[in-house]
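Required output: the full structure, derived from the provided sequences and hints.
Chain by chain, the residues run as shown.
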Amino acid sequence: MSTASFDAVAAVLLIPIGSAALLAILPGYRLTARLNVVASLATFLAALSLLMIERPQPTPYVLVDDLNIVFIVLNTFVGFTTSIFSASYIAHELETGRLTPVYLRFYHAMYQTMMFGMNLAFVSNNIGLMWVAVEIATLTTVLMVGIGIAFALFGTILVYMAARPVVGEGQDAMVWTLLIQHADNFDPALLNVAFVFLFLGYGTKVGLAPLHAWLPDAHAEGPTPISAVLSGLLLNVALYALLRFKILLAANPAAIAPGPLMVTMGLVSLVFAAFMLYRRRDIKRLFAYSSIEHMGIIVFAFGMGGPLANFAGLLHMVMHSLTKSAIFYAVGHISQIKGTQRIARIRGLTDTHPALGWGLVMGVVAIAGLPPLGIFMSEFLIVSSTFARQPLLAIVLVLGLLLAFGALTLRLTSVAFGEPRGSTAAAEASYVPMFAHLSLVLIAGIYLPAPLVIWFQHVAQLLG
Amino acid sequence: MQMHSLDFDISHTLAGGLVLISFMMLYQDRLYSLLNVFALHALVLALSVAWQAFIQDAPHLYVTAVIALVFKAIVIPVALHRIVKQLGIHRDIESAVGIGPTMLAGMGLVALSMVLMLRVTAEADPLAREDLAFALSVVLLGLLVMVTRRNAVSQVVGFMSLENGLVLAATGAKGMPLVVEISVAFSILIAFIVIGIFLFRIRERFDSVDVSALDHYRGERE
Amino acid sequence: MVVMSDILVQGAQMLLVLLLAPLLTGFVRKMKARLVRRQGASVFQPYRDLLRLLRKEVVLADNASWLFRVTPYVTFAAIWVAAALVPTFATGLLFNWTADLIAIVALLGSARFFLALAGMDVGTSFGGIGSSREVMIAALAEPAMLLFVFCMALVAGSTQLSTVANFMASSYVGLRVSLGMAMIALIMVALAENARIPVDNPATHLELTMVHEAMVLEYSGRHLAMIEFGAFLKLLLYISLIACVFLPWKIAVFGTGPLSYAIGTVAYLVKLAAAGFFLALFETATAKMRVFRVPQFLGAALMLGLLGTLLLFVSKSF
Amino acid sequence: MISAVTIPAVVWQMSCVAGLLAIAALAIALSRSKSSTAVVCGATLVICAAALLGSLRWLLGDAANTSDMTLPIGLPWLGAHFRLDALASFFLVVVNLGGAAASLYGLGYGHHDPAPHRVLPFFPAFLAGMNLVVLADDAFSYLLCWEFMSLASWALVMAHHREPGNAKAGYVYLVMASFGTLALLLAFGLLAGPAGDYGFAAIRAARHTPYVAMLVLILMLLGAGSKAGLVPLHVWLPLAHPAAPSHVSALMSGVMTKVAIYGFIRVVFDLLGQPTWSASVIVLFLGGITAVMGILYAMMEKDLKRLLAYSTIENIGIIFVSLGLALAFQANDLKLPAALAFTAALFHVLNHSFFKSLLFFGAGAVLTSTGERDMDKLGGLIHRMPLTSFVFLVGCVAISALPPFNGFVSEWLIFQAVLQSPELPQWALKIMVPAVGALLALAAALAAACFVKAFGVTFLGRPRSVAAEAAKEVDRYSLSAMFILAALCLLAGILPGLVIDALSPISMQILGSHMPIQANEPWLSIAPIAESRSSYNGLLVMVFIAISASSAVVFIHRFASRALRRGPAWGCGFSDPTPAAQYSGESFAQPIRRVFGTLVFHARDHVEMPAPGDVSPARLGIELHDLIWEGIYQPLAGAVGLAADRLNRLQFLTIRRYLSLVFATLVTLLLVLAIWS
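Residue numbers (our numbering), protein chains in the order written: chain A, 1 to 464; chain B, 1 to 222; chain C, 1 to 318; chain D, 1 to 677.
Keep in mind the hints are simulated off the structure, nothing from the lab. Treat the hints loosely; a few may be bogus.
Reference listing, derived: stretches of chain A covered by chain D, where coverage requires no fewer than 3 residues with Cβ under 8 Å from a Cβ of chain D [stated by the list, open to error]:
1. 199-212
2. 261-275
3. 380-389
4. 397-406
5. 415-425
6. 447-460
Computed spacing ranges between beta-carbons, pair by pair [stated by the list, open to error]:
7. B:A96 x A:P451: 48 to 58 Å
8. C:M289 x D:R604: 16 to 26 Å
9. B:M114 x A:Y447: 31 to 41 Å
Idealized CB from N, CA, C, for every residue including glycine.
Spelled out as structure tokens, the structure:
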């Protein structure tokens, strides 16, 4: 039985890397796009099977537990839907000749490689391996992220140094499951320094201000499917790593509490991003900054800790992934039709392109935290639970939320309503992924199935 | 015991030397000399790594040492010399902050890393303690170089010295797996960056005086 | 039997106010004339005017609407009902409880509302000027009125006029500064509401100064008669209000025999005469003020009312 | 209703809500079809009527007990609780009555709508949202429904998104709405406590410290107040309400503001328990200011629908004053006066929902038949739209608090409550209440002035534009809706005792006391405390006026002349000046502007008089300032913009500067570590 489950894990890892190799050599757009979709679907199914069958025993390299299975399933699902979207998106790009077949190969291969890297980062039980995996996932790095990598690595080394005297030399001192067992008699001072570096290292990838600089550019310049994956998934990878080490640090009473640090950075990112939203002229950058804002909220929630806040944080992360990728699907098609990413040149979408327009409205309404969509529930829990414990923090949080809300709705009213502007050509878009995500978010906002809830609550416990 | 203390002293000296060389980088104001100093930095690193390989008798570390020697001490500096020549980057480095303050900041950073590491309880063996202190200072000094230099090449150099600090720490960590892979991964990353500089013809610096070009690239201003 | 007498008393009162109202106005005019050494028209002139107007045909502006024709009757009725509910010579009238002081004020308010609308109906600028100034004055008069009511309620513990009258008639009220203030406030409001000098001049048709007259400028014949009659009634109403609240001297208490009713009536007539005389005296003694001085005038009334109320709190708290 | 006998009342109500949501879905389906308006409005009408019957039956029948239900949705570990009690049923009556009237009106009005597919899906959704807010019985579902309601109404405001100004209106509305929601969120967070038991039952059971109670009250004033339109949180209201289609404006003004009032009552009176007297001071003060400011704004307005929106603000102020009185009396255990003030507030809620809907319908009728909202381009409509003008007149009389209509009764009750204030022990209240009472009187008188202006300029006089001359009477659906509401205004005015008795179970449930049963009073009159103190009988007043007026008519026409001649109006020698020479809305407001405007609006009149001999016309310009907007909101927006600009420079930093940011962060954190412990 556990072998079967082990195969499932293997599948989650091998399908992407294998198809990446295949896609790198295969010619032709239709075939490769289809293959891309099929591969992603297969990966998603494998991940689902992980839910069904009993978990494999943690090996030095592989670990599957409540925490990362959330991430894996979410990751593979959004990966799958995005591959569908990317098929129709890339088709258009090819027609307009903005994309050469050569680059196309590279693109698909990269896509699968990213998926592989992310899945690996999730399942790896070895913090060094995890680091490598995160790096693979973000091969599109610039100097900025390079620093982040370096910090993360240094932190990892420090953790190893802290663990070695207790756990023993070599392999074991990097196996998370062992680390967490002995965490309480690690050397606190080392752990502290380690956490600072890990926090900044992975925080750079989460996009916390002021380490966020790479994020908007990466979103705006890359092709939209990649932006969707970045916002929807990659940030989660880094977040996941962060959480692992937060748990580790929390397990050691003598070390500093990671909470305050995360709370501060979260609030800073939230407020900063909220202000930045007001002056954005590029629609993809706009939503990139909103991703920073939401990452701030999530990190804040996990920093607050406690069953309610952790639950809310997890929920918020899932909802944000789904919503934000849906928004990017819409934005991708819109910017293709209008031939620009300038917000000022896009007007009155609900008149010219009702499906896209209302889809975007729904997405922004969701991301702005309005009911009956999912993010409202998480924000409700975060704010109310915080206000009961730390009123002042809650006030800052609420102000940040209000600021961001103002900015987003301001842009929304100008983009979705008013006299139409720009090309009104009909969109040959695939609405399925967008509306699939949105309807999921809608359902989650009103009704969360009991098993999901119980499971989330386990994870919330795990996060302490 | 005597032997062990000798091991200790040697590795200690090498690590300390690395910090010293990082300081030397801080007050270089000619590109070529900076590159040379960096080559020296890499050389010392290679030595210390090799020494660690010897005393921990971990043969795989020799690979790292070789990489450090060949790639960082020879290939990269030569390549950068080329770039400087071909792109006609003029030779002296404008530093954002004066040398004096930079040195002071460097002192402060080293002191900071010492303070942080001295908190470490003794049972993490002394070697680790000292090494970590040195490694941390090298990292911070490398970062300081990147921050205070306006010139693209020197920023890359700063990054590489920072990364040397990492390798130092990694090798100092007895029996740490994946060190080789990591150093390889980093070398690739650096190669990417250097090639990037070469391809994109980033002549003087990452921050050109007229930001408008940058903004156009960001599509954020009319 | 008792009910019968109640109805009798109530009916008597309604007829009484109807009969006395023009007489009062005539009396006031006569007094004013005498005070400036003029002969003046007879005190019965208002009756003659009314009859003449009733017999005349109505000249209606071309675009006057049904509202314009309904208004005179509505205003007249509202004011008459209000006047019928204020105790004049006797308290505890049958229908006193249908409306307390606030309701009576509101009834006058609805009369004014329709009159102001009628002023705007024909669409000349005279009507507009009249209506706009009328509502402005009313807007300022009403808070003052309410504070007066508040004062009353504090003293007598009621806004029911007969109760108030009975209470004030009873000996142990004594003289109070705050009551004096309230009375002055009420008098000022009454002057404003009845369009008397110094707020308005009932005798002028100079457009810059007139308020009430401008509003009804378009009316003629029986309509004008109704409106004039309403104005007479209103003056009577306010005077009897002041009388029954502040000098309920000899007012017949409910249920006492016909004799006391007779005494009450006589006393009432005396009060009216006195009030009319003082009104005439005051009007001849003062000049009309500019329209935009009226706010200060009524503001003073408001302040007096508020002051009276607060003073009452103080005196009550001891 | 037979089915309602067997199934629990709350289920009945919830199924009505489900029906409304279903209609919303249906509307999306047949958005482009011709008959969509008829189908949707008709179905909505039916369901609202059903819900109305259900809630009425509950309120009049077994209002003493409650009926609960829990759905397995919303917060997973809590579920969504819904509860029908006296208070809820009353507000359900208000909501669904307004909803039914609006749907009936919409049957006719909807045909003139340029973009029905942008209205029809959200109209039932909006109604469903309001129903749900009233029914919700836990913090989460309450806020969810609350925000859903705001969202639906926002979509309706954006229905005519191409018209200038509507985008701004929608934006301001949405931001203020979410501000309010966040305030409510904080309030509920405080009430639920760190354990996070969001059920209203749990909150009701919990003890709350005075500090918490005060904080919650302030947050509720921010949250519910911003939705209800308390000054200075009202700025969105005059923008958003007129922007929507008129039957929606009627709902927003007449009903949604009441739902906000419901929220305030539910939390402050029901959940918080025994109030403190200091709380009432704030409420009284805000209420008084709101009443006067609202009506002054309305007086200055020349856009008919905006005038109505501002007068809504005034009425909200009146209601809050009454609620503040109830708080004050309740805090001092003066049960009877508290019940009186509370009942008066509810009564006014009901009345305002009647006549404000009526007036908005009338404005909508004018809009459809002339295409004008600017009163200074209207006039003389009484000849062309006799029925509409008649019902509009009824609405004006009612809202001006004149007997014998309903507006007067509720304001009279409030004044009676004000007159009870001497019994209050606190000096602050003793002195404050009379002042607030004077403010109320001022507001009432100004309201009368304001609606003389509204009716006089719009319907009377001579038409000021071609559109006004070409006006025609509107369709019979709209008329019937308006006539029904007018009849209700009159009925509630002449039979107030019945209403008061119907409201008594609510004050019994919330305050534990109620006004004396009015059914015992003779001749259907009402006496709030005792007849010796004060009493009023609307029926008799009306009968008397009718009798005396008609007798006067009969008498005169019988015995005096009935001759009548038409002639030109007397223009002081000018034969028939142009309609432009009439008094316009602005000139009508001039005296009041002179008296209050200079203080409140920094109003200035500029006259440019041509030089002697110059024949060019003299011009009069009026300059008004909305001090609240210019004093609070513009500076806020400016501050945000400034901060955004400053921070935005970070977007254009160079890589080296980014690195130095990172470096700085790292060093700070390390320093913190070094210093820590």
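Going through the hints against the structure:
1. 199-212: Held - the segment 199-212 of chain A has 5 residues with a Cβ nearer than 8 Å to chain D, which meets the minimum of three.
2. 261-275: Answer holds; 3 residues pass the 8 Å Cβ test.
3. 380-389: holds (count 9)
4. 397-406: holds (count 6)
5. 415-425: Holds: 3 residues of the segment 415-425 of chain A have a Cβ under 8 Å from chain D.
6. 447-460: holds (count 4)
7. B:A96 x A:P451: 48 to 58 Å: 57 Å, holds
8. C:M289 x D:R604: 16 to 26 Å: Hint holds: Cβ distance 24 Å, inside 16 to 26 Å.
9. B:M114 x A:Y447: 31 to 41 Å: Check failed, 57 Å falls outside 31 to 41 Å.
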